[in-house]
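Let the hints inform the model, and build the full structure from the sequences given.
2 protein chains.
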Amino acid sequence: MPIQPVLINGQWRTANHSGTFQAANPASGEKLADEYPISTWGDIDEALNASQQAFEALRQAPHEKIAVFLERFADLIEARSAELVELANRETALPSKPRLADVELPRTTGQLRQAAAAARSSGWARPTIDTGLDIRSCLEPIGPVCVFGPNNFPFAFGSASGGDFAAAIAAGNPVIAKANSSHPGTTRIFAEQALAALEESQLPKATVQLLYRTSHEDGERMVADPRVAATGYTGSRGAGLALKAAADQAGKPIYLELSSINPVVILPGALQERGTELVDEFTTSCLMGTGQFCTNPGLVVTLDDDLSRSFASKVAAAFDSAAAGTLLSQGVQHSLAGGVDRLLSLGAERMTEKTACEDASGFRCPNTVLSATGQQFLADADGFQTELFGNASLFLFCEDETQMANVLQALEGNLTGCVYSAKNGVDDETYGRIAPLLRARVGRLLNDKMPTGVAVTAAMNHGGPYPATGHSGFTAVGMPRSIERFATLACYDNVRPDRLPDILRDQCETPGVWRLVDGTWQET
Amino acid sequence: MPIQPVLINGQWRTANHSGTFQAANPASGEKLADEYPISTWGDIDEALNASQQAFEALRQAPHEKIAVFLERFADLIEARSAELVELANRETALPSKPRLADVELPRTTGQLRQAAAAARSSGWARPTIDTGLDIRSCLEPIGPVCVFGPNNFPFAFGSASGGDFAAAIAAGNPVIAKANSSHPGTTRIFAEQALAALEESQLPKATVQLLYRTSHEDGERMVADPRVAATGYTGSRGAGLALKAAADQAGKPIYLELSSINPVVILPGALQERGTELVDEFTTSCLMGTGQFCTNPGLVVTLDDDLSRSFASKVAAAFDSAAAGTLLSQGVQHSLAGGVDRLLSLGAERMTEKTACEDASGFRCPNTVLSATGQQFLADADGFQTELFGNASLFLFCEDETQMANVLQALEGNLTGCVYSAKNGVDDETYGRIAPLLRARVGRLLNDKMPTGVAVTAAMNHGGPYPATGHSGFTAVGMPRSIERFATLACYDNVRPDRLPDILRDQCETPGVWRLVDGTWQET
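These protein sequence lines map, in sequence, to chains A and B. Residue 523 is where the first sequence ends in numbering that gives the first Met the number 0, and the numbering goes up by one at each step. Residue 523 is where the second sequence ends in numbering that gives the first Met the number 0, and the numbering goes up by one at each step.
Everything labelled a hint here was simulated from the structure, so no lab data went into it. Be aware that one or more of the hints could be misleading.
Repeated chains share a single entry, so a pair holds when one copy, or any two copies, can fit it.
The calculated SDA-like cross-link candidates involving lysine to any residue, where the alpha carbons are at most 20 Å apart (straight line), are [claimed, not checked]:
#1 Lys30 <-> Gly18
#2 Lys204 <-> Thr354
#3 Lys422 <-> Leu499
#4 Lys422 <-> Glu280
#5 Lys30 <-> Gly109
#6 Lys313 <-> Leu436
#7 Lys30 <-> Arg504
#8 Lys448 <-> Asp129
#9 Lys422 <-> Ala434
#10 Lys448 <-> Thr130
#11 Lys30 <-> His333
#12 Lys30 <-> Asp101
#13 Lys448 <-> Asn493
#14 Lys96 <-> Glu77
#15 Lys448 <-> Asp133
#16 Lys96 <-> Ala380
#17 Lys448 <-> Gly131
#18 Lys96 <-> Glu216
#19 Lys422 <-> Pro1
Encoded structure:
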């Protein structure tokens, strides 16, 4: 079987490769047939050159064309949705229905259409005009963007289809997509459809390029290359920090989404009021997608009392009776099992009974609830914050509110933090004490709601303090704000009217553009 | 004479110091009497602890109190304006009038008052509300901020008075100011007035703290400390990049303004139309403040023709007839002289006649115009972009438009770029070709205007691509946008109404807050 070609400068062509790899079917553990190349620097170099040329052309293209491309791409994804779902299921073992077909695929095309709307109205560019001084500014595209997609959302965070991709393109930047090695075939279909949509919308074909894999050294070299403007990365902390070091050194922005244990604080009044309901709510959230969400609740913080212990036992029982789902890869399986072992070695106790899966096919770990005390946690806060990426969670029992506060203060940056409290007000004083501590350590604070769902909406923050992400001022989900990551601030001082971008002209011809004119937001 | 005390946790107290330093009077070269401490880590450690506590208290303070502090501080600066001007003049040799008293001081207090207005209306926080999903977000203060001020604007960019300071405080963050060693006394007066204003407005006294100097190692350790949230730095590239490396490694945002040669392209039609006028315009801009502006025009790009050569000769003559101003320090003098020598060694020619100053007192270099060809520049673009911080500029004569375009493409990131073109349209085609090249390499693009002035206005961008700054998406000047650097994105998902910040409530009680509600900007 021939090695799959890469997409460089509008051509699917044989890669310059140093080796090949195959994805596995996580449900069986067997390798899938297709062979994908590990590109050498020669491929990257060509892609970078083509990307630069594409960027020059994109800068001249009307925003409308970019919007049309994004919409057409969404249509063309829908045209091959059955094939995408089938292949993604084979490569990731994520359920075809409802997950892939009914949730993730519509989310992905919806996100592309939201990006199109933002491109059309420059909703991300924040045009600002000071008429008296004739000084004007807006965000503009930054240049070629590298996107490294994660393993857990082959569509919605895919490197040639997901949020970073949509944001980078909406701003007017070409993308070099680095496929996640666990679902290269899925990514290939997206790139095929993107190329077709580029042709139909008459944008440069090198606006979207695809490489499957590179050496770590070449990846680091790529994000630091003068031809690259910025990078979006979602994945493991180790690989992300290596890319960050390379990009930082070269002065290149890199937006990282790395890891998060998403603490959930459940106060006594809430357990009293609706403990049984919360057992279901927590179990559903934590086992959804076999727990492989960036926003999976991996740490539950309660007071150490009978109610909390009983709640945790019921969750453990629910975990034991639920079938263990398939994990995305052998790497995820090893990492999860290793994380559980690490916490056990630190003194955590296993509350679930199963230590192995009944169904031993494919990549699986048993649904696992661990527990520890606040005191144990505080004695090794780093160790106890080991991420359990998958179907496992750690319950912490704190001896009092002060210890609970200390635990929260010892947390690293996270994407989300939840507080469940009684509706009748008995927890309000405690909430007032602990919520500010959590607020300072998370990007999104929730009340009475599990963190798993991440709506694609303007006010969303899918981000958070380091090391959850690389910069807490930006979000990876939500239009138009996520687009700002791939933009540069461009000011025009005394520039003649006919030389200004349309959205900065006194007479802007694009309708529906919100602009801050002399301190007042106005829509054109 | 006793060593000057540092301001830590509301107390002026003796520093834990490893040595002392004195500023010099640049006009005479003589050391000034006051001795300032080089703080050891003990001082920094105490300041960091106090800063953290101040931040916890500031988070609870109403925005109005922060606004009142900033306004009161501006008043208290004005109350000691004569003393500030006198001491700053002695420490920097910048002219008392008009520069310090009539330009920089009003700019500084005006900036503080703009920051107060932004704090009052949360103009920087961009509150965003999606009512259907009950998801809300806004920018919130990030935490303790270190500010390293530059030598060239003792008031407007001062670490305890300038733009970074005002922005950090307006967001609700405490500041640890690291004085610039060339004007420690000026900075001390600002800190005294800030402390008085804090007392009057009942904010935590540790909201503003002052250290004069630390070792490089301790500075790097400080910006990477877990208790620090972000850093603002304006100064030399070498010191800035060392701080950046330390902050990057720790995942801390650092906003740097490093260096810029501010290319000015003058097209033939403009020289034809108004060459004589431009001689004056350029000379005034380049020699203002003895050329020590971040936005000083250090590179002039023209075609190689008689008109351009004659223009450059006239500028050189004007430079020769103007008295050479005093430079800020011996370091600036050495660096400027070294830069000129470097360019000469690369083959640049000196167009001015003077190689030494008639008035040899204090820190001075002769006003200098150098010239080179586009070809020379392209052969060593790095070398020819050596910054001449001071009263000197390099003229580049390009053999044709293509070479001019190549020169622009070889430029590093800059704060500004100007194009002068004919009013009658003869340069328009060339403009269309070269302006996009310049646009991609500068933060602010100007037409027919020198870059020196930097208005404090909403649309300003005092920023630009690396290495002019550390992140091209942000500006160091202009309210409210500059405040965003010292903020974190905070999302509230399903949070009960009484637990939301006021600016995110359906019924917001603060007037004049612009919010993006379901896609529409509305003012409360």
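**Request:** Could you work out which earlier hints the structure fails to respect and list their numbers in ascending sequence?
**Result:** When the structure is compared with the hints, numbers 2, 5, 6, 7, 12, 16, 18, 19 turn out to be violated.
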